[in-house]
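> Residues per chain are reported as follows:
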Amino acid sequence: MSRVQPLAGRAALVLLSLMALGACEREMRRFDTPPDNRSRPEAPRTSALQPAEARSDPVRMPAANGEGYDENAFSVAQGKRLYRWYNCNGCHAQGGGGMGPALTDDQWRYGSEPAQIFATIVQGRPNGMPSFGGHLSEDQVWQLTAYVRSMSGQLRKDVAPGRADSLQGREPEVGRDREPARPGSK
Amino acid sequence: MNAPDHAPRSRLKDGPGGGSREAAALDDTWRDPPGLLGWLAAVNHKSIARRFIVTTFAFFVAGGILALIMRLQLARPNAHIVGPDLYNQLFTMHGSTMMFLFAVPVMQAVAVYLVPLMLGTRSVAFPRLNAFAYWIFLFGGLMLYAAFAFNAGPDAGWFSYVPLAGPDYSPGKRVDFWAQMITFTELSALLEAIVIITTVFKLRAPGMTLNRIPLFVWAMMVTAFMVLFAMPSVMLASTMLIMDRLVGTHFYNPAEGGDVVLWQHLFWFFGHPEVYLIFLPGLGFLSAIIPTFAKRPIYGYTALVLALIATAFLAFGLWVHHMFAANLPELGKSFFTAASMLIAIPSAVQIFCWIATLGSGRLDFRTPLLFVLGFFFILVLGGMTGIMLASVPLDLQVHDTYFVVAHLHYVLIGGAVFPLFGAFYYWFPKFTGRLMSERLGRWNFWLFFIGFNAAFFPMHLLGFQGMPRRVYTYQAGLGWDGMNLIATIGAFVIALSVLLFIVNALRSLRRGVEAGDNPWGAGTLEWATASPPPPCNFYAIPVVHGREPLWVQPRVKSDGPEEGGQPAFTHVSGLAADARELLATTVLDARPDLRLNFPDPTIWPLVSAIAVTVLFIGSIFTPWAVVWGSIPIAIALTAWFWPRRPETLLHLSLERRP
Amino acid sequence: MTGSELDVSGLPSYGFGHRSLMWWGTFGLIAIEGTLFALAIGAYLYLRSQSDTWPISAAPPLLLWGSINTLILVVSMWPNHMTKRAAEACDRVRARRWLLACLLFSLVFLVVRGLEFATLQTRWDSNAYGSIVWMLLGLHTVHLLTDTYDTAVLVVLLHTGPMEAQRFVDVSENALYWYFVVISWLPIYAVIYGVPRLQ
Amino acid sequence: MHALHDVFAPYGPQAGEVRALWLLTLVVCLIVFAAVLAALAIALWRAPRSGSDARSAPDLSGLRRPEPGTRRSVVAAVVASTLLLLVLIVASVFTDRALARLSTEGALRLEVTAHQWWWEVRYVEPQVADNFITANEIHVPTGRPVIVTLKADDVIHSFWVPSLAGKKDLIPGRTSTFHFRADHDGVYRGQCAEFCGFQHALMAFFVVADPPERYADWAAAQRHSASDALDEQQLRGRSVFLRSSCAMCHAIDGTSAQAVRGPNLTHVASRGTLAAGALANTPEDLKRWIADPQKIKPGTNMPASALSSEDMDALVGFLQALR
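Residue numbers (the working numbering), protein chains in the order written: chain A, 1 to 186; chain B, 1 to 658; chain C, 1 to 199; chain D, 1 to 323.
In isolation and in its complexed conformation, chain A is listed as follows:
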């Protein structure tokens, strides 16, 4: 008994600090934009389409797997805003798909890992997905990536965004159940 109590106390303490870390991770407002890392593998653009004026230079692939974005509610919310601002809706609708493939289902042609989604955004994909490399800061791409993953319930429930102040397509991201991601073909 006398041995149990301190143990229990320590356990509670550990649990609490874990909660704290989780909460801080989730709630942090990341303002300072991390500079784009210049020493990363380059890759060709796989789409001719580009916003505004086209660039000819190759795009830079992600060094890591976008740590820290999937767990941060603010980044995901920013991603959701950019998704609207940069008119991803135009093709993907509210994730339901249209000209472009749906993002709310479990079918990922180019992979559902953050790094893979990052590549899709910067390189572009054949048949319509523009190449945003160089037109977006790396930070913004990661935010978009995190949001895109939330659309198919890949993120923690306490991070995924709630309903938007706009016409609603389907239930808010926070209400979506995770669908096992497997490469499908559409």
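No lab work stands behind these hints, which were simulated from the structure alone. Worth double-checking, as some hints may not be accurate.
As the list claims (entries may be wrong) - Partial pick of chain C residues on the chain B-facing surface, computed with a CB cut under 10 Å:
hint: 1; residue: 13
hint: 2; residue: 23
hint: 3; residue: 101
hint: 4; residue: 129
hint: 5; residue: 134
Ideal Cβ positions, reconstructed from N, Cα and C, are used throughout, including at glycine.
Start from chain A and add chains B, C and D according to the hints.
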């Protein structure tokens, strides 16, 4: 029904005063059980109220510290002590703390201590509910500060306007914690309101007719009624908010037929009465302190009571004056202008009555009276700026500027905090048995008074010069630097004076002068018993013959029945001394009506509060918590309600049908 | 202690109606919940006034189950009334019987309430109209659930004991609260089912 | 940029009316305040002192005989304050009327949309072709009424120019209108007055009141799209703009940059300030702003751009050419 024979017969009856065998029995009966478990199971209104007061005061200090950090940031232009993210959390926490965790609950806490003493009874009605309300309040406040510590402190303002506080613009859980804190604190406040109302209506000493109720009790009763009708509004609003955020409802989503101004209507329908929930108890304190130090009964008792009631009614008719800048129909606005200005009249009536009382009395300048005089200066000034804000054109210029910050602090600190500090000095001897130091008290008062005006008067001018509220910084060269610096200095002077108060309280607790039953020579019943009062408050329930029972001598019996139909009895006898038995009287003229059995201390209110806390916090993370979380609550409440056999037998032995 | 005593040992130890503390507690609850319902209805009408079409992209809720439910509620006032009378006569047996009847009524009611939700023809997350309708119906259902549970506990208590007269006061105040649950439903019913049909 | 922002230095009829009402209210309130304190002082001075002896008996005479003198003065005081309040109510309502009645003959029409944390200004002319868009700086001709249609893009903001008129909220899902008039030329500072998030503090705008002819010249210039007369450096700057993240949010008429998420930069060089009044419009500040906006306005939606110093110079040169 008749008592079974094996029921223990209760023999000891109260009546004989202190020192007697019955008195000792009463102490044992009403004392909280010993040990930690006993402490957690306590239901005595004085123990609960003491914890409640200390807790709310701790929140007051916490909120004050947050304010100091804000003032540091604003002392100079373009300061970088805190960034916008933290600053927004700071002012949101400051506002929420002061409004929800300090101002309203502290008044109820003091009432829970004093009302039974002033009414001459031994407990509040529903003592277990009272304990439950305290625990709920404590857990709600702790949750909010835990969230703040984990960087999940709310950051959308204490008023949480949507859409800024909505799911689209406040990601994460910050605002959810705020909304649940509302649920906690308002639940607590509503329960306390029920406790106070029932106590006042049913547990008054014989002879305390409605027109003999002490004015502080009147103020608290009016406040309690306002709580009943004001708080549901904000609970509804915050529930809608959290549902918008968590389950995707569209109450506040214009794109789906919702409306963001709906929030403002619901919030201010609560939010404006809220101001008077804070203000009316302050007036009650004054009406208790002034007669004592003027050595005469208050002037215009009836007028004061009617003024309280009038204020309560008008308070529900002017919420829109917080929304003049949101485009609303013009015609309505002038109505709300009129209502907002007319509410000044009841306040004026009270102020003039108090001045009359002071003018025709014999004054005794002690610290409590000093704080009362401070009230006159600050509150009246705040009232004047309030009248300016009630006028639509003026409001449209100064609305949401530092002018409003100045105004609301003049009203709330002048109208509530100064009287509250006066009340602390006034009743501290009753709470603890010792007087507070007068010398420190005067220092405390003057530092507070000067610091306050230094901190908040310049804000009026800042508002005129175009400085908006809720800004985390301001640019140099706008002409705001100097006055902001003064305000910051003033804020620290206030902090110093509050520190002095704490020192004074702690020192007096040990080394203060022994107070005795009635150190001020006051007239109300709480001074009729020992300081601090025994667990049962009164060894013999007094019989009341006037508004200041300790000042009026009962007439001799030969005069026959006097007003209120009470013959000149001095005290009550015949209540069980070895059971928690209380006298209930009739609602209007307080004739003895029933002998009621009161519940024993129990741990279940605490357990229920924990269960409720689990549900509330759980529901921030998953809606299903509402389902599985309700099961432990049901169990706990049932265990709370379920009668124990020995208790029942005791009650049966005392039972007597109407 | 000197002075003349007012001996109260002869007073009754319980009383019904506003003589009891329970009545005042219940009265407070009713005031709170009543305000809540009124404000929710106010919010409903406010949202309606802000919208060009009402109900928003949905047909009005079907009348069948809601009306049946209203009927059940109104009828349930009768066993409720009998319970109150039995309780105030301190008649344990009859109180027990009638309270059981009340419990059955509220259970039936809850089942039908389930069907009622299914016939609202809108979801809480489809638009503001759906949200407020679900809110109104949900609020009232919560009160039903609590009072049903309360009744169930009392039924058990009346069977098992320990009993004292105070428990009859509890039963009678529980009945009072049920009256409130019934009465408050009528305006809510009118709003949920009537207002969408107004033109 | 130096600008006026004082409720009581009015430069337009609205603020003027309010100032008059304010003076009346102030006088009345001061009188009442002084009277109350005087009454209190007299009361305290007249009343005898009782030593702090708890046992000194209270004076209960008030319970037995009425106190006609006291009663009279209290009633008089209440009546007086009621009358004064009525005066103020009437004055306030009349001022409100007067403000509502101000003529809007031949008014200039604007549409202001508030964003987190900047102001989009659209000039709505009789001919649609004459409409043009600018940001954070509103030019108006002196002496001519201005009707502003207020909208919000994200959260609630509030439009306030202390020296010219009171404030009005911009509310998502609603439009409201608001009118003012600047009688003297000058620059008047305005600021968002409703808490709207991280950068509520640095969400200023300016109303520049010019004589009609100078205003006409300005408007004419604003209607042109960006000129192509650019030197080598500036051309490079333009392509930096169009090929980087700038063009994702900003529009420059006459180029392929047509995004509407940030301020329209067609004539950015003609404005007095940058970032909604947070910075002066100088090349140095512009560089600081582009390089790391979060340093200047933490939380702003503009991302940092990591440009080579050559690209940065070229870009700033190009933006400075957009007059």
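> Quick one, is the residue 13 of chain C hint okay against chain B at 10 Å, beta carbons?
holds, 5 Å
> Under the criterion of a CB-CB separation shorter than 10 Å, is residue 129 of chain C in contact with chain B as hinted?
Nearest chain B Cβ about 6 Å off; hint holds.
> Using the nearest Cβ pair, does residue 134 of chain C come within less than 10 Å of chain B?
holds, 8 Å
> Grab the minimum C-beta distance from residue 101 of chain C to chain B and call the hint holds if it beats 10 Å, violated otherwise.
violated, 22 Å
> Hint residue 23 of chain C vs chain B: min CB-CB distance below 10 Å?
Given a least distance of 9 Å, the restraint on residue 23 of chain C holds.
Comparing the model with each numbered hint stated earlier shows that hint 3 is the single one that does not hold.
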